[in-house]
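Here's the letter readout for the chains.
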Amino acid sequence: MSKRSAEAGRCPHCGAAVEGGVDTFCCTGCETAWEIIRGAGLQRYYQEREAFAPRPEQDRGGWDTLPVTEEADGTCSVRLQVDGLRCASCVWVTEHVLQRADGVQEAHVSYATGRARLRWDPGVTALPALAQTIHALGYRPRLLGEESRPDRTLLVRLGVATFVAMNVMLLSASLYAGWFSGMEDRFRQLFHWTSLALATPVALWCAAPFFAGAWSGLRRGFLHMDLPISLAVVILYGHGVAVTILGRGDAYLDSLTMLVALLLAGRVLEGHGRRRAAEAATSLAATLPATGRRFTEGGGMETVPSGELLPGDRIAVGAGEEFPADGVVVAGRGTVRTALVTGESRPAALEAGQRVFGATLLVDGALEVQVTEAAEASTVSRMADGLRNAADQEARPTSADRIAPWFTAATLLVATATLLGWGILVGWGQALTATVAVLVVACPCALALSRPLAAAAGLGAAARRGLLLRNADALLELAAVDRVALDKTGTVTAGAMEVLEAHDATLRVAAGLERFSGHPVARAIVREAVDRGIPLPRARGVRERAGIGIEGRVDGAAWRLESGGPGVVHLVDEGECCTAIRLGDRIREDAAEVVSTLEALAGPVLLMTGDDTTVAERVAAEAGIQSWESGMSPEQKAERVRSLQAGGGTVLFAGDGLNDGPALAQADVGVAMSTGSASSILVAHGVVGSSSLSALVGGVRAARAAAKVIRVNQLRSIAYNVVAVGLAAAGWINPLVAAILMPVSSLVVVASAARVEARVRREEGRLLEAQSGRADHRGSASRYGGVGVAPGTAGALPGSTAILPGNEAA
Amino acid sequence: MNALIWLVPVAVALGGVFVGLFLLAVRGGQFDDLDDPPRRMLQDDD
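Same order as they appear, the protein sequences are chains A and B. Following our numbering from start to finish, the first sequence increments by one per residue and tops out at 810. Following our numbering from start to finish, the second sequence increments by one per residue and tops out at 46.
If we strip away everything but chain B, and leave its shape as in the complex, we get (with noise of 0.2 Å):
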């Protein structure tokens, strides 16, 4: 049980990671318009 000591950090950590990455993904503009590519999908292109 002594793991958990480190382990649960490490976890909270790793999880951190993906909340920054999706900061990137917000500050990248990737929710900005969520009305246009869904619409953009259906449109088969080339």
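Chain A extracted, bound-state conformation (with noise of 0.2 Å):
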């Protein structure tokens, strides 16, 4: 990627397109962007930065009554969400200017997911001050609530049962040896008490987990994957106990701790991918603004945390602020964007009587509201909270617990069987040593470790490609996807206001006149006006008249920016001549190739929307989509949904607003866009992290591999057992067979789910083959340019995908 330093002609803060030389800033916001930078010595960013930083907007305050946490050493720590992260050296800046503010004592931003701590001493500074030097660089920092603590036990459990089971490995191989050199007695005691007193915490509390799993399935009425590993672990450990305590036979104890500690193993990778697919969900979910202002009895305003509005307060709410609460509009006008809760991106006018939601923004106008509901029963604290507890729900059936019942009767009937007809045609004794070794190859490790493995690194490849799946079912569903839905608004449309038409002279005019608006329409020509590269004049004497335009004068003269109908905005000038400027929502750019691979990998495409025939019409001819349907309220969307899978089909649907909540509920695999509305992300399935629709052709081919290699390797454990099994049944399995036996038929499940992103590659090799010449659209490419994740890092879900979301162009 290019480097984006100073030029002429171009604000050496933000890049947008400016009437001057070198040095000369676009607005005051930049230049104080690049003094602080300057100031802490950090000029360094012009040269590394790999993306142009965003425009500073002006802090909307109210940090001063957020609660921070007290240290027991006096000093102050918060966490907070930092938004508008563009690439490494964003991250690198704002955390070096913050560690270089005074009193600051500990400052951390995360570059996988743009999280920062912050601790400092009250007595110097406070967290107004660092807020405002964030928003001060242009970076929008948000208050993050508790962190979710990882849990900690499980790695320890790993680490216990991994250290074991060397020991007890290396043990055993002295005992192994002893058979063909003979062995003192005494030794061979040592040995077993030794492997006993070091299997027990194994069998005993590292293996807690999987009681735990099988318990709770049981509870709830089937049979989990983990009752026959439990199952397992019991046999193992009891009949290592009596072999000890009886100095005869052979422990296995080897065995039990390898298993254990490989399944850990496999747990703990899976538990990593989940807790960043959920972690990336929960910085999409939108907070409170800190403060609002309620009216007093006596008339007056008084500024309060929000966690204090009650309903029935009276709260004034101007141009530019977020709702504090949830409630009804009782005086005034003004035009809210409700992007957050309805996915819908144009703004709408309120009035008297209307409904408000917390946290969504009030572009113009001045209202007083009557709060409805507290702080935490408002629409995204309750979107927040089904988030978390989305995040930590527990597992559900799997394909490996629908085969757990027939592995465990299975194993069983084999097993009496062994004990039977040995005892009954050579003698017990014999019998039990045969049923021992039948209980102990049976172990489904192979078996159960195959679905997390293959699973974690299909979730890594998929989230590598900018699609964060929730968890396992949801990439397995998607692997089986045949039949695709796609919503307009949002998902095969941006979503967001873009001029579609416009001269460069009448451009140039109005976005110097919308300059410092922060109205979509006023972006949206500010944006195309720094795409096209027109320097941005300077206006003066500018004036925004809610509801109607802004005027102002440009290069001496009067302008006057009106609306002109529904997506057209029209410039007047003095002699009241108008011309037009066209705006709308505009067709992604990658939307026809996604189109047509989606259709050739995953069954046909509809498309779904509530707009009109016309819109629908065109929008689906652009993408090249064959079927559309119009007019759609939401329970059609979910009707025409269930359609679908009635007539047979597994449905991948992806949309982005309160609208489409049904249908991503209803579709096998929902999927929304992170761009969308909070409440679309807490139903679905699954978030497209970056702003390209390509991450759902990624999605699918990391399912389809993650699938075909679980599906491979669930009928090699399977093939394994049986033979495993017949051997040990005949008697021809002793504890050294099943040492080697085991950790092998694990360790190729192992190998072969860090292939599941080398398989991807090929398929998009393959297809990039198919089609060269063509530039290569993956969404993969990453913001950091070459800092990615090294390819079959089972588990390891991408830090590149995981910082866009909350990533819009300002």
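Hint data in this document are derived by calculation from the structure and do not stem from the laboratory. Glycine is no exception: its CB is placed at the ideal position from the N, C-alpha and C atoms. Watch out, some of these pointers could steer you wrong.
Stated by the list, open to error - Partial pick of chain B residues on the chain A-facing surface, computed with a CB cut under 8 Å: (1) 4; (2) 10; (3) 19; (4) 23; (5) 26; (6) 33; (7) 35; (8) 36; (9) 39.
Claimed, not checked - Now the in silico label distances, taken between C-beta atoms and shown as ranges: (10) A:48 x B:32: 25 to 31 Å; (11) A:311 x B:41: 26 to 32 Å; (12) B:18 x A:645: 41 to 47 Å.
Said to hold, decoys possible - A few chain A residues that don't get close to chain B, going by computed Cβ distances all over 12 Å: (13) 17; (14) 248; (15) 504; (16) 531; (17) 634.
Reassemble the complex: the two chains are provided individually, in unrelated frames, and hints are given to aid placement.
Shown next as structure tokens:
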């Protein structure tokens, strides 16, 4: 990626075109940010960044009443989510500016997630000052709640089990050597007792998660894969205790400990992947602004934390502010942007009697609002809770669990047959030895490992391509998808207002007038001007009139910008002569390519929209979608998904709005767009973390690869079990053979899970060859250029995509 | 060979010390974030 350093005609900070030489800034905000960075001695940022900085906006304040954690040593600390970080250098500069601020003792911004941890001396500085610094740099801090603590116990269990497995293996190797060269009984005793002492915590404590899983499965009435595992652990350990005490026979304790260690490793990897996906989803969830302005009894106004607002309170909300609570408009007019809750990108007019949602943005106007819900009951808070709960839901029955009952039944059957067969034909002593051998080799270690490992690798591969899936179930459903339904607004289209048609000269004047406005139309105009490289002129006497338009002087002449009907803005000059700028929702650049690839990969694509026929027809034609349906209500969308499923299809639905919620929940795999409403992210099985639709294609490929590997591995491990159980029943298995066979079968599974990423790449490579000459549109292009994740790292979800959520173009 | 009688327990105990160190590392949060430090490493700092 090219470096973004200073050049003439561009703002040195944000890269917007300006009239002037080097070091002419587009606005005071950029100049302030530039000075802060220079002042901290961090000008290296400008040589190393890979993307221009976002243009700083005004801080909305309210940081002084935020709850901060007071540490034992008298310092204060807080956790923030920093939005708008675009590249590694952004993270670097934010972290270092904070570190060099007075009174800051610790500042840490994660490159992977954009989360920040701050600790400071309250005697020297305070949170408002630090938040303002982040704001002044152009990034947007948000307060994060309590951190979900990773499960450290599982890691300790894995560590202990691995240590024990290695040592018991060593002792067992000596015992095996003793078979051949002879061994004094006291050494045999020593090795057995030491092995038992080591294996005891493994069987009783390290294996506890499997017991818990088996039990919770039983309680809810299904046989979990953990059940045969628990059974094997219990039998092996009991047998080991008996052998050690009696001083006769073979203990198989090396197999036991190795088994637990391998299974725990699978669990740790799986949990890591799941936690990353859950964190990414939580980062997307919005939070209420810190404070609200409440009318007091005496007619005055006070600023209070939004947590203290109660139903019945009257609050004032001004232009550019977020609503601090859910409520009903009592007086005033304004325009609200509710994309967060409803996914609707167009601002809507508000008047008395209408409902408003906390955390949505009042674009212009001024309102008096009566609060209807306390903060913790507000729509956004409930969404955030839902996300957290969805993240740690209990495991559902999986395909491995469907095999589990058969597996357990078959094992027990063969074991009984072995016991009786040997007992009756040969003798009960040998019968017991053979039966134990059957139970040992029948432990479904490889089978139980095949799914979590391949799924973790598949989730990682999908996430590297921009699709963050909630869990392995969603991944496997995605692999089976054979029908695709797409929402129009915000999914096939970008969902944001964009300039479709305007002359350069018109755009230049309009952008000059709109330069400092936060209105979506204004932003679209300024963005288009910047993209076309048009230097922004300085406007004077700019006056914004809510609901009417904006006026001011550019190049000495007076201009007025006003609405000219839906999707059209008129620029009117002094002589009342007007030119038009057409705006609209543009189709995503990669939509047509994604649609054709999805049709080849995952079956017919259907476009569903609540919009009217003409728009639907235009978008469908542009995206190359054959079938489309328009004018659909949310329920109709869900109903249509249901009818596709009734026809035997496994449906992938991608959408972004509140109105897509029912369909997202109904679909086998519902995928929400990260730019969409938080509510849609809540019900969805996955989130497209990047701004590119091609994440869907990458996700389907990753899911297919993972599913294939899982299928092959399940067949392999079942074949292994059949052969090994057969050998054991015939009395040909001894502890040494078991100790070699079992880890080998598991390692084969581990090795093939690592090939998921390679498989996906091969598929992509095949496609590229087929369309040689066309550009590579994979969604995986790392924003950090080259700072990727090593291929095949099972469970390593990508930071490059995890940072994208909340990363809209400012 | 009699040395084994005490050598084996000593070896295990020694290994136990390292398990203890691992435990401390986990408690200290060394394994909580496995994604950020590898990226941080690539930022050559002053």
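* To do: Taking the numbered hints from earlier one at a time, note which ones the structure violates and give those numbers from smallest to largest.
  => Per hint list: 2, 11 and 12 violated.
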